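Student: Residue numbers (my numbering), protein chains in the order written: chain E, 1 to 323; chain C, 1 to 266.
By construction, these hints were calculated from the structure, which means they are not laboratory data.
If you want a taste of the chain C side facing chain E, the calculated C-beta under 10 Å gives, among others:
#1 Arg134
#2 Phe163
#3 Val211
#4 Phe212
#5 Gly219
#6 Tyr220
#7 Ser221
Straight-line C-alpha distance at most 25 Å; calculated DSS-like pairs for lysine-lysine:
#8 Lys41(E) with Lys89(E)
#9 Lys69(E) with Lys85(E)
#10 Lys150(C) with Lys89(E)
#11 Lys150(C) with Lys85(E)
#12 Lys93(E) with Lys133(E)
#13 Lys150(C) with Lys86(E)
#14 Lys89(E) with Lys125(E)
#15 Lys185(E) with Lys198(E)
#16 Lys92(E) with Lys198(E)
Per label pair, the in silico range of CB-to-CB distance:
#17 Asn149(C) with Pro26(E): 25 to 35 Å
#18 Lys89(E) with Thr232(C): 27 to 37 Å
#19 Thr303(E) with Arg174(C): 42 to 52 Å
#20 Thr146(E) with Ser62(C): 21 to 31 Å
#21 Thr29(E) with Tyr188(C): 31 to 41 Å
#22 Pro26(E) with Ser194(C): 22 to 32 Å
#23 Gly144(C) with Pro26(E): 30 to 40 Å
#24 Ile11(C) with Thr70(E): 53 to 63 Å
#25 Gly144(C) with Gly140(E): 33 to 43 Å
All values derive from a computational prediction rather than experimental measurement.
Even for Gly, the Cβ is constructed at its ideal location relative to N, Cα and C.
Next come the chains, spelled out residue by residue.
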Amino acid sequence: MTAKAAAMGAGAAAAIRVHDLNYTYPDGTAALEHVSFEIEKGESVALVGPNGAGKSTLLLHLNGILHSKTSRGAVEILGEPINPKKVHKMPKKIGIVFQDPDDMLFMPLLADDVAFGPINLGIEKDEVKRQVKDSLLRVGLAGYETRVSHHLSGGEKKRAAIATVLSMDPEIIAMDEPTANLDPKSREELIEILRTLKDEGKTLIIITHDVNAIPELADRVIVLEKTVIADGTTREVFADSDMLVAAGLDVPTIMQFFEVLQAFGYPCDVLPLSIDGAVKNLTETIENGSGHLHLHIHKHTHTEVGAVRGKYQHHRTAANCPK
Amino acid sequence: MISEIDRYAGISSPIHRWDPRFRLISIFALIFSVMLLYNLQLVMIGMIFAIILTCISKIPLSFVLSRMKLVFIFVIPFFIIIPFTVIGDGVEIASFGGITLSYRGIEYVKFAAMIVLKALTAVMLIFPMVGTSRMDITIKALEGLHMPNKLVQMFAFTYRYIFVLDDEFTRMDRSLTSRGFKRQGNLYTLTTISKAIAMLFVNSYERADRVFYAMRSKGYSGTVATLHEFHTRWQDWVNTAVVVGFAVLLQVAATSDTFSAARGFL
Chain E
1 MTAKAAAMGA
11 GAAAAIRVHD
21 LNYTYPDGTA
31 ALEHVSFEIE
41 KGESVALVGP
51 NGAGKSTLLL
61 HLNGILHSKT
71 SRGAVEILGE
81 PINPKKVHKM
91 PKKIGIVFQD
101 PDDMLFMPLL
111 ADDVAFGPIN
121 LGIEKDEVKR
131 QVKDSLLRVG
141 LAGYETRVSH
151 HLSGGEKKRA
161 AIATVLSMDP
171 EIIAMDEPTA
181 NLDPKSREEL
191 IEILRTLKDE
201 GKTLIIITHD
211 VNAIPELADR
221 VIVLEKTVIA
231 DGTTREVFAD
241 SDMLVAAGLD
251 VPTIMQFFEV
261 LQAFGYPCDV
271 LPLSIDGAVK
281 NLTETIENGS
291 GHLHLHIHKH
301 THTEVGAVRG
311 KYQHHRTAAN
321 CPK
Chain C
1 MISEIDRYAG
11 ISSPIHRWDP
21 RFRLISIFAL
31 IFSVMLLYNL
41 QLVMIGMIFA
51 IILTCISKIP
61 LSFVLSRMKL
71 VFIFVIPFFI
81 IIPFTVIGDG
91 VEIASFGGIT
101 LSYRGIEYVK
111 FAAMIVLKAL
121 TAVMLIFPMV
131 GTSRMDITIK
141 ALEGLHMPNK
151 LVQMFAFTYR
161 YIFVLDDEFT
171 RMDRSLTSRG
181 FKRQGNLYTL
191 TTISKAIAML
201 FVNSYERADR
211 VFYAMRSKGY
221 SGTVATLHEF
231 HTRWQDWVNT
241 AVVVGFAVLL
251 QVAATSDTFS
261 AARGFL
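Required output: the full structure, derived from the provided sequences and hints.
Tutor: So this is what it looks like as C-alpha cells:
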C-alpha cells in the first residue's frame, strides 16, 4: 500500500475502499482473493494485470453488480458500504464504462442512451437534455444526438459509452480498457478525454493494457493478479520490472529504450516513462553535458543491451535481440 | 440482420400521431374482436379494415408482407390438417390408414381459410399497433396503461434480447463461414449447427448479462427511461372511437342471424 493511501486509511472517507474482497465464479474458480486497496478522492489509478486476472470482475464489484456472501461489506464507496439491493442508486457516486460499448448502447438513438442514466436518477427533463448535450460535447460527439449507435465507428462508440456515464456526473469513473481496439487517432482522442477528466478532479480507475498510456493518465498503478501484487506510484511500479514481467506485463516502450541507451553510456538515473519525460530528460542531460550528448560502445555494451531486451522478452521471440 | 418492427416509426401518419396508449388499447381490442369471430365474411371485413389501417399508417406493404410470410408458413398447414381431421358422419371419399377424407372435410376448407385469415389479420394489425412508434415509447405506453411492471420489463427485455441473439448468431455464422463451413444435408452440418446453437445460447446469456449490468450501472431500476411525454388530443379519442367502435360492431354483427356461426358451418 502506498504511503499516501496508508496515511489517510484511518481518517477521511476514501473514494474507494476495498478490504479483503474475495470472489469465486459459480464454477468454483477463484477470481479475486483478499483484494485490498484504497483510492483517495481525485486520484487517478491504472489497474493492470494479465488477462483473466479479475480486473473486470473487480470493477463490477465497485457498484455492487457482482456480489457474494464473501464480498459483503468488502467494498466502500465514498465512505459507505455497498448495498447490492441499491445498485440503481450508485451511478451518482460511481459510473462504470464497460469494455464493450455495444453492451452500453441499447437505445434507439444516441441521445436516448446518454439520457438513460440521468432519467433513472430522476433528474428533471430540461436538465437531462442539457446534460446530454454537454456530455456529448465533452467526448467530442457534439451533434450526434440523433445518430443510431449501431452505425457509429468503434472509436465513436467508445466515446459514446463514456458520454452515457458522464451524463450522470458521477464522482468516480471506472473504465474497462477504454483505449483498447482503437486506431492511433481515436486512442489519442480518448486519452485526451481521460486527461481532461483527471484534470477536472474526477477519481478515475482505469483498467488498461496500454502501458504507454499509463504515465499520461495515472498517478498510481495497482497490479492485480487475483490479488493485489503491487500498488504504488506509476514510477515505483514500473521500476519493478521483474515483478511486471513475471506477471506477464510490460513497461512503457520509452522506458525500455532509455534502458537500452544506458547500455550505450547514456547517463540517466531516473528512466523517463513518456515522450514528454524523455524530452525533459534529454534536454537536461544535454544541457549538463554542455550542449552535447555522449554515447559510446564499449566491450560490454551489446551484452548489456541483450540483457535489457531479454528482460522484457521472455514472452516473445528473441529473434531481433542483438547478441 | 433482423430489421426492427419499429423501423418505420420515424415517418408521419395519422396512426403515428395517435397517442400510443390509445392506439395500443384500441387495436388490441380490435385484434381480440377479430379473434372471437367465427364467420368467414366477418373475418374478411376485419381483414379489409386491417389493410386500411396499415395503409393509413404508411408502413410500406412490402415490409408488412415480408414479415407476414413467416406467419403464413405457420398457418398454411391448417388447410391440410383440418379437412382430414373433421370428426363427423359425412360421406367418405377416401380412406387410407386412419386418415379419412370426407365431403364434410372439403366443406371445412372454408373453416381453415377463416383460421388462416384471422391469424393474418391479427399479425397485420400488429404493424399499425406497435410499428408506428419507437419501441421504447411503446413500452412506456404500456407502463402508462398500468400494465404490471414485471410484464412490461419482460416485454422490453424479450424485445431487446432478440437482437442480442441475432447479433451473436450473425457473428458465429460469419466465423463458421470464414473457416470454410458450408451448410449441407449431412450429419456433420447438423452437429456443427447444434453445437453452434448451444454456444449461441451461452454467449447470448452472457452478453445479455452484461447488457443488464450496464443498465443497472446506469441506475436502471425497472422503470422505462425515455424523455417522451404523452399528450392527448381530441383526435386521439376520435381514432379510438372509430377503431373500438368497429371492433364492437364486428361482435354485434356476429350475434345477428345473417353472419351467425351456424350459417357458416354447422
